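Student: With chain A held as given, fit chains B and C onto it using these hints.
Chains as they are written, first to last, in this note's numbering: chain A, 223 to 294; chain B, 19 to 179; chain C, 8 to 772.
Hint data in this document are derived by calculation from the structure and do not stem from the laboratory. These numbers come from a predicted model, not from an experiment. Ideal Cβ placement from N, Cα and C applies to all residues, glycine included. Do not rely on the hints blindly, as some may be mistaken.
[Unchecked claim] Here are the simulated DSS-like pairs of lysine-lysine, each with C-alpha atoms no more than 25 Å apart in a straight line:
(1) C:Lys637 with B:Lys141
(2) C:Lys276 with C:Lys80
(3) A:Lys277 with C:Lys152
(4) A:Lys253 with C:Lys151
(5) C:Lys347 with A:Lys231
(6) C:Lys347 with A:Lys232
(7) C:Lys152 with A:Lys253
[Said to hold, decoys possible] Quick partial rundown of chain C residues pointing at chain B, CB under 8 Å, derived from the structure:
(8) Thr34
(9) Phe37
(10) Pro248
(11) Val250
(12) Met699
(13) Cys702
(14) Gly740
(15) Gly742
[To be verified] Partner residues aside, some chain C positions facing chain A, computed with beta carbon under 8 Å:
(16) Lys151
(17) Glu153
(18) Trp173
(19) Val176
(20) Glu177
(21) Lys317
(22) Arg350
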Amino acid sequence: MSVICPVCKKVKKNPVDCARHMFGTGDKPHKAWFEAQGLSFIDLLLDQATQPGNKSYELVGGYIEKAQKDIK
Amino acid sequence: MEKKLLRFSVNEVPYEIYINPKTLLVEAIRDHVGLTGTKRGCETVSCGVCTVMVNGMAVKGCSILAMQVDGMNVTTVEGLEKNGKLDPIQTAFLDEGAFQCGFCTSGMLMMAKAFLNETPKPKDEMEIRRGMEGNLCRCTGYNSIIRSIAAVASGKYREDK
Amino acid sequence: MSENKYAVLNTRVHNVDGYAKVTGRSTYTFDVKLPNMLYGKILRSPHPHAKILKIDYSEALKLPGVLTVATGKEDTLGVRQGIWRRYKDLCDEAILTVDKVRYIGEPVAAVAAVSEEIAEKALDLINVDYEVLPFVDDPMEAIKKEAPVIHEGFERNVNVTRQIAWGDVEDEMETADYIREDWFKLGGQHHMCMETRAAVASYTPDGKLTVWTSTQSAYYHQALLAGVLGLREGNIRVIAPYVGGGFGGKLELDGAQFCASILSMKCCKPVKVVFTREEDFIASKRRTPMYYYVRTGVKKDGTFCAREAKVFTNGGAYTGMGATALYLTGFFHSFPYRWKAYRYDGYRVYTNSLPSTSMRGFGAPQAMFCSEQQIDWIASDLGLDPIEMRRKNGHYEGYEVPGQATIASCGLDQCLTKIQEWVKSKGKLPKNRSIGISAAGFMSGGIFNWFDSPYSFSSAVVTINYDGTVELHVGAQEIGQGSSTTLALICAEALGVKLEDIKVHMGDTDHSPADLGAWGSRQTLMAGNATKMAAEDAKRQLLEFANAKLGFNIIYDLDIRQGWVYNVARPERGMSYYDLCKEALRGKEGQRIIGRGFYTPRRKGMISPAYSYMVQGLDVEIDPETGHIKIHESVTAHDCGQPINTLGLIGQLEGAASMAIGFGYYEYLPVEDGKVMNPNLVDYKLIRAPEMPDCHVIEIDTYEPEGPYGAKEAGEGLTNPHAAALGNAIFHGTGLQMKEAPIRAEAIAKAWKEKQEKGTEKKKK
Numbered sequence: 223m224s225v226i227c228p229v230c231k232k233v234k235k236n237p238v239d240c241a242r243h244m245f246g247t248g249d250k251p252h253k254a255w256f257e258a259q260g261l262s263f264i265d266l267l268l269d270q271a272t273q274p275g276n277k278s279y280e281l282v283g284g285y286i287e288k289a290q291k292d293i294k
Numbered sequence: 019m020e021k022k023l024l025r026f027s028v029n030e031v032p033y034e035i036y037i038n039p040k041t042l043l044v045e046a047i048r049d050h051v052g053l054t055g056t057k058r059g060c061e062t063v064s065c066g067v068c069t070v071m072v073n074g075m076a077v078k079g080c081s082i083l084a085m086q087v088d089g090m091n092v093t094t095v096e097g098l099e100k101n102g103k104l105d106p107i108q109t110a111f112l113d114e115g116a117f118q119c120g121f122c123t124s125g126m127l128m129m130a131k132a133f134l135n136e137t138p139k140p141k142d143e144m145e146i147r148r149g150m151e152g153n154l155c156r157c158t159g160y161n162s163i164i165r166s167i168a169a170v171a172s173g174k175y176r177e178d179k
Numbered sequence: 008m009s010e011n012k013y014a015v016l017n018t019r020v021h022n023v024d025g026y027a028k029v030t031g032r033s034t035y036t037f038d039v040k041l042p043n044m045l046y047g048k049i050l051r052s053p054h055p056h057a058k059i060l061k062i063d064y065s066e067a068l069k070l071p072g073v074l075t076v077a078t079g080k081e082d083t084l085g086v087r088q089g090i091w092r093r094y095k096d097l098c099d100e101a102i103l104t105v106d107k108v109r110y111i112g113e114p115v116a117a118v119a120a121v122s123e124e125i126a127e128k129a130l131d132l133i134n135v136d137y138e139v140l141p142f143v144d145d146p147m148e149a150i151k152k153e154a155p156v157i158h159e160g161f162e163r164n165v166n167v168t169r170q171i172a173w174g175d176v177e178d179e180m181e182t183a184d185y186i187r188e189d190w191f192k193l194g195g196q197h198h199m200c201m202e203t204r205a206a207v208a209s210y211t212p213d214g215k216l217t218v219w220t221s222t223q224s225a226y227y228h229q230a231l232l233a234g235v236l237g238l239r240e241g242n243i244r245v246i247a248p249y250v251g252g253g254f255g256g257k258l259e260l261d262g263a264q265f266c267a268s269i270l271s272m273k274c275c276k277p278v279k280v281v282f283t284r285e286e287d288f289i290a291s292k293r294r295t296p297m298y299y300y301v302r303t304g305v306k307k308d309g310t311f312c313a314r315e316a317k318v319f320t321n322g323g324a325y326t327g328m329g330a331t332a333l334y335l336t337g338f339f340h341s342f343p344y345r346w347k348a349y350r351y352d353g354y355r356v357y358t359n360s361l362p363s364t365s366m367r368g369f370g371a372p373q374a375m376f377c378s379e380q381q382i383d384w385i386a387s388d389l390g391l392d393p394i395e396m397r398r399k400n401g402h403y404e405g406y407e408v409p410g411q412a413t414i415a416s417c418g419l420d421q422c423l424t425k426i427q428e429w430v431k432s433k434g435k436l437p438k439n440r441s442i443g444i445s446a447a448g449f450m451s452g453g454i455f456n457w458f459d460s461p462y463s464f465s466s467a468v469v470t471i472n473y474d475g476t477v478e479l480h481v482g483a484q485e486i487g488q489g490s491s492t493t494l495a496l497i498c499a500e501a502l503g504v505k506l507e508d509i510k511v512h513m514g515d516t517d518h519s520p521a522d523l524g525a526w527g528s529r530q531t532l533m534a535g536n537a538t539k540m541a542a543e544d545a546k547r548q549l550l551e552f553a554n555a556k557l558g559f560n561i562i563y564d565l566d567i568r569q570g571w572v573y574n575v576a577r578p579e580r581g582m583s584y585y586d587l588c589k590e591a592l593r594g595k596e597g598q599r600i601i602g603r604g605f606y607t608p609r610r611k612g613m614i615s616p617a618y619s620y621m622v623q624g625l626d627v628e629i630d631p632e633t634g635h636i637k638i639h640e641s642v643t644a645h646d647c648g649q650p651i652n653t654l655g656l657i658g659q660l661e662g663a664a665s666m667a668i669g670f671g672y673y674e675y676l677p678v679e680d681g682k683v684m685n686p687n688l689v690d691y692k693l694i695r696a697p698e699m700p701d702c703h704v705i706e707i708d709t710y711e712p713e714g715p716y717g718a719k720e721a722g723e724g725l726t727n728p729h730a731a732a733l734g735n736a737i738f739h740g741t742g743l744q745m746k747e748a749p750i751r752a753e754a755i756a757k758a759w760k761e762k763q764e765k766g767t768e769k770k771k772k
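So that you can see chain A by itself, here it is in the shape it has in the complex (with noise of 0.2 Å):
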């Protein structure tokens, strides 16, 4: 299902995709949305970059469904 960035408003084809855009961008807005969420930044990078499997992506892109009702 399409999803929007909270942050940026871009448009992805999937919550995972745009967890991936997220964490790609790791500008100080979209890392602010994570401290928002009570999601540490860091520590879901290195668990994305150093454990086989999505599960960091996978995690975000729950929180990012979750705050689609809430765009404008």
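Tutor: Chains B and C in isolation, oriented as in the chain A frame:
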């Protein structure tokens, strides 16, 4: 520990030195006789940079006590040249560029010399490689050293040609 | 006149240090002995992380023969130094540490005594009260919120971050037909120089310090010592006698140099510190271990679209050169291909283990292990030829790596063709034998000046004597890689003399011009350019006298070749260079002709002024049940522009291969709970003569405009591809995808067993 007298010759030159009996051969050569061509690279008899010849046999200088060569002749790299004339193995090393930093080179030369004394006509390259297995080199990847030994074995440096 | 384009370049000559090295006359720091010299030993931390509460060395001082003991708190300025001098927060290492230890083996105190044996006994008499702290020895642990803080001010123990990016990765990935992602783990490796770290320091009552040391850059150590000892650079003389190997491990200030200096300053006597092999393993720095996540998108015809990589490196306890490795691994992970979009995010993490630093390849062997294997796997997934896929996407002359580099010379395509021909020529291989290939390349020196040197990166002075012999003064450091011979050849070519006319002087800051030293494959290009400039300057001055003497028509120009000064249009007409030197000296009122040269890269992109290219092929026999391998043949197609020193080149490429194969297979360096588990040559495996394959090199002819006579680096780039080539041979032979380097025999055997079991299960179903 009481020092003991060691009488031996190094490169055909007789020496008498008083040493602690724990002294390794390589230490006696470097610190007591004062020939620093022979190096030391490890504490586990693994690297071979301290290789010398004792009565013509290749020996790692860190693997025996100096007292064990009492009455024997030790050849070090300084003994390969005769009044400035290089041994064929040294010339071969120069021609093949069989050294880079040079720290393992003395040990390589001595091992190569001993190998060729024992096996003047190696049956193939692998026999040379196995003969040099005890000597580590971090710079050359060994192949230029093997080429040098093969060149000497092939008779390239024979004087009577 | 000779048919060859060049008089001396790319000819087989004896190394200029050859006679010294084959007759045992070459003396290393290991051999230096001075009158009144003491021996220093270092007390090292047994803990990976602890506060130093108190050091009591009173008992040690009572031991007869002990002259002095030094500690960080009492005897040093406590300066935290580092090689990235422009970035003060990355200058984080006070070598004789003052307040706390951050890795097992860190220097805590140093003793000077009349013999090594007494100094060692004295170490046992020093009592250190530690407050042991919790430690972390892996980035995965070190980054956690609750992890102990290793350096104040570095949140989550993240030491450095780096991003290299161009294009829009997300957009380009959308255009890909096939996307593959993999996770890799890269181990460390030890430099294992045959000469361990060593220094002899002699401080004299006039406030001057002389340090003999095994180093890759006498200038770096002069400047670094000045910074930590509070002395003027000019009052410190660093002498590098012959150096027994460096490979990236002898650039930073190390415990031998620092402790020898501090002890000598305390008692005003020469002090010699030589690391044992075990000390060298545990207490010097190593290749950076890394975690790599790589995601690559390609079109179904094999065209590369986008790649992203997220990398966490194990920085160990201090920054050192590790920050550069973080940067270079990210750049070379894109190399040598054209990516429409690329993004690398690198994080260097502090841990309580031995610090990670530069090592031959400098992050590129790790990068290629991941990239070149994944490319073969993608080719296999899509049913494409792996060589043609590389060719389709490869760099070419004139290509601009967006925002990073302009490729001015590139032999990649020819290299691929040569290796393709070799693979074809092998025909059908026997059972258990397979071929793996990998492309690679490397920089010819970096453009960066994070060291903050005010000097030209390389300088050279050429002085011509009455008899025509030439003094070549350079700062470029000979460490076995052959730089003195290479620079002598360039000087001989540029000036027009014979190699035996030249004497090379380097390795002494009192007599050599400053040079950044032997790292990053910089000396052939940078010191070579400086040398060529100096020699041409001297030649130009000489030819002024020749023009006057020979009196040719103004339409004729002169040159010098192999000692003959000649009319270029009528080469048989001229005079002897040796006669000309006599005339020139008289003409200059007894003053020798001096030529000066220097080089600093400017506006050459973000990484390097020039890049080498190569494709490596390995013919490997694999026993998948035991994991044992035998490399039957190594073939390299190699582009270094213009070869300068023929024997040196062959030697460097063979040596690079041995180190690269070590990274890929033999050299396992496990560190557990911060402790190096195999700090000796019995348990740390180096390749030996019987295992080393014959190496065939095919040189590809290109011309690098930025390099002296078109030359670029050789000998470090070739450390990059073998691990990947080995992995690819294993993949093609067994189907196994090995994602951890070194590829251990046990890992191959285990993966093979699992594969067989999976196959059996499938059959059962």
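Student: All hints, please: hold or fail.
Tutor: The hints, checked one at a time:
1. For the suggested pair Lys637 (chain C) and Lys141 (chain B), the alpha carbons sit about 21 Å apart, so the restraint of at most 25 Å is met.
2. Between Lys276 (chain C) and Lys80 (chain C) the CA atoms are separated by roughly 21 Å; this keeps the pair inside 25 Å, and the hint holds.
3. Using a Cα cut-off of 25 Å, the hinted pair Lys277 (chain A) and Lys152 (chain C) holds, with the two alpha carbons roughly 19 Å apart.
4. Note on Lys253 (chain A) and Lys151 (chain C): the hinted pairing holds, with a Cα-Cα distance of about 17 Å set against a maximum of 25 Å.
5. Between Lys347 (chain C) and Lys231 (chain A) the alpha-carbon distance is near 24 Å, which keeps this suggested pair within the 25 Å criterion.
6. Restraint check for Lys347 (chain C) and Lys232 (chain A): the C-alpha separation of about 20 Å stays at or below 25 Å, so the hint holds.
7. Our distance criterion of 25 Å between C-alpha atoms is met by Lys152 (chain C) and Lys253 (chain A), whose separation comes to about 16 Å.
8. Interface hint status for Thr34 (chain C): upheld, as the beta-carbon distance to the closest one in chain B is roughly 6 Å, under 8 Å.
9. Annotation: interface hint on Phe37 (chain C) holds; nearest CB of chain B at approximately 6 Å, less than 8 Å.
10. For Pro248 (chain C), the interface hint is violated, since its Cβ never comes within 8 Å of a Cβ in chain B; the closest pair sits about 11 Å apart.
11. This hint holds: Val250 (chain C) has a C-beta 6 Å from the nearest C-beta of chain B, less than the 8 Å allowed.
12. The beta carbon of Met699 (chain C) comes within 5 Å of a beta carbon in chain B, closer than 8 Å, and the hint placing it at the interface holds.
13. For Cys702 (chain C), the suggested interface contact is upheld, since its CB lies about 6 Å from the closest CB of chain B, less than 8 Å.
14. The interface hint given for Gly740 (chain C) is broken, as the beta carbon of that residue sits about 23 Å from the closest beta carbon of chain B, more than 8 Å.
15. For Gly742 (chain C), the interface hint is violated, the least distance from its beta-carbon to any beta-carbon of chain B being 30 Å, above 8 Å.
16. The interface hint given for Lys151 (chain C) holds, since its Cβ lies 7 Å from the closest Cβ of chain A, which is under the 8 Å cut-off.
17. Because the smallest distance between the Cβ of Glu153 (chain C) and any Cβ of chain A comes to about 11 Å, over 8 Å, the interface hint for this residue is violated.
18. Because the closest C-beta pair between Trp173 (chain C) and chain A is about 13 Å apart, greater than 8 Å, the hint is violated.
19. This hint holds: Val176 (chain C) has a C-beta 6 Å from the nearest C-beta of chain A, less than the 8 Å allowed.
20. Against a cut-off of 8 Å between C-beta atoms, the interface hint on Glu177 (chain C) holds, since the closest Cβ of chain A lies about 5 Å away.
21. Below 8 Å, beta-carbon pairs count as interface contacts, and Lys317 (chain C) has one with chain A at about 4 Å; its hint therefore holds.
22. Below 8 Å, beta-carbon pairs count as interface contacts, and Arg350 (chain C) has one with chain A at about 6 Å; its hint therefore holds.
Violation of the numbered hints given earlier is confined to hints 10, 14, 15, 17 and 18; the remaining hints are satisfied by the structure.
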